[in-house]
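> Residues per chain are reported as follows:
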Amino acid sequence: MFRKTLMAAAALFAMANSANATTEITWWHAMDGALGDVVNHIADDFNKSQSEYKVVPVNKGGYEDTMTAGIAAFRAKNQPNIIQIFDAGAATIINAKGAVYPVQDLLEKYGAKFDINDYIPGVRYFYADSKGKMIGLPFNSSTPLLYFNKDALAKAGIQNPPKTWQEFEEMAPKLKEAGYQGLAESHSPWIFFENFMSRHNLQLATANNGYDSTDVKLLYNNENLKNHWKKVKEWKDEGYFGYYGRAWGANQDAFLQQKAAMWLGSSGSFGGLRKSASFDFGTSTLPYWKGVGDAPKSTFIGGAALFAFTGHSEEENKGVAKFFEFLTKPQTQYYWHKETGYVPITNAAYELAKKDGYYKESPDAEVGIEQLSEPGGKWTKGYRLGYYVQIREVIYAEVDKMMNGDETVDQAFDVIETEGNKLLKRFHDTYSN
Amino acid sequence: MKRVQFGHSPVPYLFVAPQIIIIAIFFLWPAAQAIHQSFLLEDAFGMSSQFVWFRNFEDVLSNPAWLRSAWFTVIFSALVAVLSIAISLFLAVRADEVIRGAKAYKTLLMWGYAVAPPVAGLLGIMMFNPLMGDLYLFINRIGINFNHIQNANDATFVVVLIAVWKQVSVNFIFFLSGLQGIPKSVTEAATLDCKSAERRFWTITFPLLAPTTFFLMVINLTYAFFETFGIIDVSTKGAPGGATATLVYKVYVDGFLGADMGGSSAQSVLLMIMVSILTVFQFRFIERKVHY
Numbered sequence: 001m002f003r004k005t006l007m008a009a010a011a012l013f014a015m016a017n018s019a020n021a022t023t024e025i026t027w028w029h030a031m032d033g034a035l036g037d038v039v040n041h042i043a044d045d046f047n048k049s050q051s052e053y054k055v056v057p058v059n060k061g062g063y064e065d066t067m068t069a070g071i072a073a074f075r076a077k078n079q080p081n082i083i084q085i086f087d088a089g090a091a092t093i094i095n096a097k098g099a100v101y102p103v104q105d106l107l108e109k110y111g112a113k114f115d116i117n118d119y120i121p122g123v124r125y126f127y128a129d130s131k132g133k134m135i136g137l138p139f140n141s142s143t144p145l146l147y148f149n150k151d152a153l154a155k156a157g158i159q160n161p162p163k164t165w166q167e168f169e170e171m172a173p174k175l176k177e178a179g180y181q182g183l184a185e186s187h188s189p190w191i192f193f194e195n196f197m198s199r200h201n202l203q204l205a206t207a208n209n210g211y212d213s214t215d216v217k218l219l220y221n222n223e224n225l226k227n228h229w230k231k232v233k234e235w236k237d238e239g240y241f242g243y244y245g246r247a248w249g250a251n252q253d254a255f256l257q258q259k260a261a262m263w264l265g266s267s268g269s270f271g272g273l274r275k276s277a278s279f280d281f282g283t284s285t286l287p288y289w290k291g292v293g294d295a296p297k298s299t300f301i302g303g304a305a306l307f308a309f310t311g312h313s314e315e316e317n318k319g320v321a322k323f324f325e326f327l328t329k330p331q332t333q334y335y336w337h338k339e340t341g342y343v344p345i346t347n348a349a350y351e352l353a354k355k356d357g358y359y360k361e362s363p364d365a366e367v368g369i370e371q372l373s374e375p376g377g378k379w380t381k382g383y384r385l386g387y388y389v390q391i392r393e394v395i396y397a398e399v400d401k402m403m404n405g406d407e408t409v410d411q412a413f414d415v416i417e418t419e420g421n422k423l424l425k426r427f428h429d430t431y432s433n
Numbered sequence: 001m002k003r004v005q006f007g008h009s010p011v012p013y014l015f016v017a018p019q020i021i022i023i024a025i026f027f028l029w030p031a032a033q034a035i036h037q038s039f040l041l042e043d044a045f046g047m048s049s050q051f052v053w054f055r056n057f058e059d060v061l062s063n064p065a066w067l068r069s070a071w072f073t074v075i076f077s078a079l080v081a082v083l084s085i086a087i088s089l090f091l092a093v094r095a096d097e098v099i100r101g102a103k104a105y106k107t108l109l110m111w112g113y114a115v116a117p118p119v120a121g122l123l124g125i126m127m128f129n130p131l132m133g134d135l136y137l138f139i140n141r142i143g144i145n146f147n148h149i150q151n152a153n154d155a156t157f158v159v160v161l162i163a164v165w166k167q168v169s170v171n172f173i174f175f176l177s178g179l180q181g182i183p184k185s186v187t188e189a190a191t192l193d194c195k196s197a198e199r200r201f202w203t204i205t206f207p208l209l210a211p212t213t214f215f216l217m218v219i220n221l222t223y224a225f226f227e228t229f230g231i232i233d234v235s236t237k238g239a240p241g242g243a244t245a246t247l248v249y250k251v252y253v254d255g256f257l258g259a260d261m262g263g264s265s266a267q268s269v270l271l272m273i274m275v276s277i278l279t280v281f282q283f284r285f286i287e288r289k290v291h292y
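Which chain is which? The protein sequence lines are A and B, in order. If you're matching positions, the first sequence starts at 1 in the UniProt record's numbering and goes up one per residue. If you're matching positions, the second sequence starts at 1 in the UniProt record's numbering and goes up one per residue.
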């Protein structure tokens, strides 16, 4: 009885919808605040540009909330057309066989031209399968950058921000003398684990960084990365490195309040920092160890991608394809890039930004994309690891323990390896059949 | 012997039906689903699933992070329950004695009741912000090397402090009404018999408050186990190194954030078992000592 009422209501609703003649495309995303406004603006532009489809963006909270909402909706057969999934959750949605409609197939089927080489090198394969087919459309792509307080560096008599960690080691004592901690860092799993590997072109996990199979093991427990963390610990004990815990904001605040002279954050942080910093700051590329691996290589992209859920009508899928086509247009990408600080994902959009003289007026906005366009190596295209959200939790916990001295670097990395591999094994057993 | 049978009327069933339905929908059904899920390895989107017996439980019980979290939950709950009951009892007894401005004291002490746990967490963590938190700076200024970002004990202190602060006002209300429910004649008779106020409290007042105390103990343990989630999530997120992650918080991280359905279901089932044992223990052994 209850069911019947529900179905009748659903039928009525569907009729009401079809009477409208426009097809609604729902888009669940994780962009709130100012970013959410930009998302709404883009959807509006698309809706005004044609009359067949209407994209309805809905903010579902943060990245994790959005993914959870999408999972719950999919299980209840009530999924949106488009969902934004962040980097660490990519393996979960891509490995759930049949949950998503690969972007490349979608675009090719509905007549939009697709060439993966139109996308800038750093973002091209991150959300692709092992054969290079694009599954999710990179949307908000960011990369770790070094932000530096110009006044602080000047006070310490330093001309340029460090290109390498060797250079950082030389300037850190001077900064200390001038009254600053040299460096703070947000999101250590992302910057000092994942991107450390990419920057030095080191393999992060077996099975082609996890792209080829879910039967995979972490390769974090290596001398290069451990030596780096031994240095970080040393720097912390010397007062060259400020550790404010796992919270993104707490470490960023240390930079904003001029306790730390430099800060490692996201290229996407630029817009927000510009509004809240009371001092002049600049951006530079992520430092690397000279002589380790074959640094410097391009970094990974962070951020999130858009996935098209299966289980929708042909008409709606077509609308999704049209919207994706609109999103990847140079004008849309350029607008997104300018408003948010996320990097443009296509070469054409990058060219447009250059031609428009955007980087002349704000050269800092180009650093992220330059870093992503640096030469790639075998291990810079990305990683695909299951239960990576939990693995990052393990890393966060172990970083805490390294920093407070509960564990040595070697002990912490052993734990990361064993606990991380246990999680990967669980993921493999869950998703491989 | 023949039992006396009265004619059954369906009306009582009708009256309890809403409650039964609510329990069935919001507790029994989800609990049954959690138990079912805890035996499965299933991908997040439900595209494939397999029955694995106790694999999930084995994985959980062999996970050092879970064991640490279980241990922390026990310590944390005990501290929160004992401290918030003790402090609020003390405050209630003192407030009950106040004659001038009694209303103002009582209102101020009850005020915290209106604060939701996540808000309490936010307030707390702002006061302990290492760059500008007043409490953090004060504690360090008086010569104590306090750093909850890195030190597990300090972090435990912070979350216990926030959780207790939030709960004291609730307990205070119950204790105060309990105290006011004690007949004047009893206290007056006691005053004639015994001069020591402390002794009168422990032999007369406290035993008469026992039902309230017992009730609050049950409520406070449930609070510490489950409702402090908001505080943990907003303040420490389990840091440093998982030292302040309660079991409920861990279920949330693995299930909601990490999309591991089987693993987090197994954790919830273990939590359910723990709480059941605790409840049975409370009612069988402690309630016996309570006189109503």
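The set of hints was computed from the structure by calculation and includes no laboratory data. The C-beta atom is built at its ideal place from N, Cα and C for all residues, glycine as well. Be aware that a few hints might be false.
As the list claims (entries may be wrong) - Looking from chain A toward chain B, a few residues come up when the C-beta cut is under 7 Å (computed):
#1 Glu64
#2 Thr68
#3 Ile71
#4 Ala72
#5 Lys77
#6 Ala99
#7 Asp253
#8 Glu366
#9 Glu370
#10 Val389
#11 Ala397
#12 Lys425
#13 His428
#14 Ser432
> Against this structure, judge whether each hint is valid.
Taking the hints in turn, this is what the structure says about them:
1. Glu64: holds, 4 Å
2. Thr68: holds, 5 Å
3. Ile71: Given a least distance of 5 Å, the restraint on Ile71 of chain A holds.
4. Ala72: violated, 10 Å
5. Lys77: violated, 10 Å
6. Ala99: holds, 4 Å
7. Asp253: holds, 6 Å
8. Glu366: violated, 31 Å
9. Glu370: violated, 32 Å
10. Val389: holds, 4 Å
11. Ala397: holds, 4 Å
12. Lys425: violated, 9 Å
13. His428: With a minimum Cβ separation of about 10 Å from chain B (threshold 7 Å), the hint on His428 of chain A is violated.
14. Ser432: violated, 9 Å
Comparing the model with each earlier hint shows violations of hints 4, 5, 8, 9, 12, 13 and 14; every other hint is respected.
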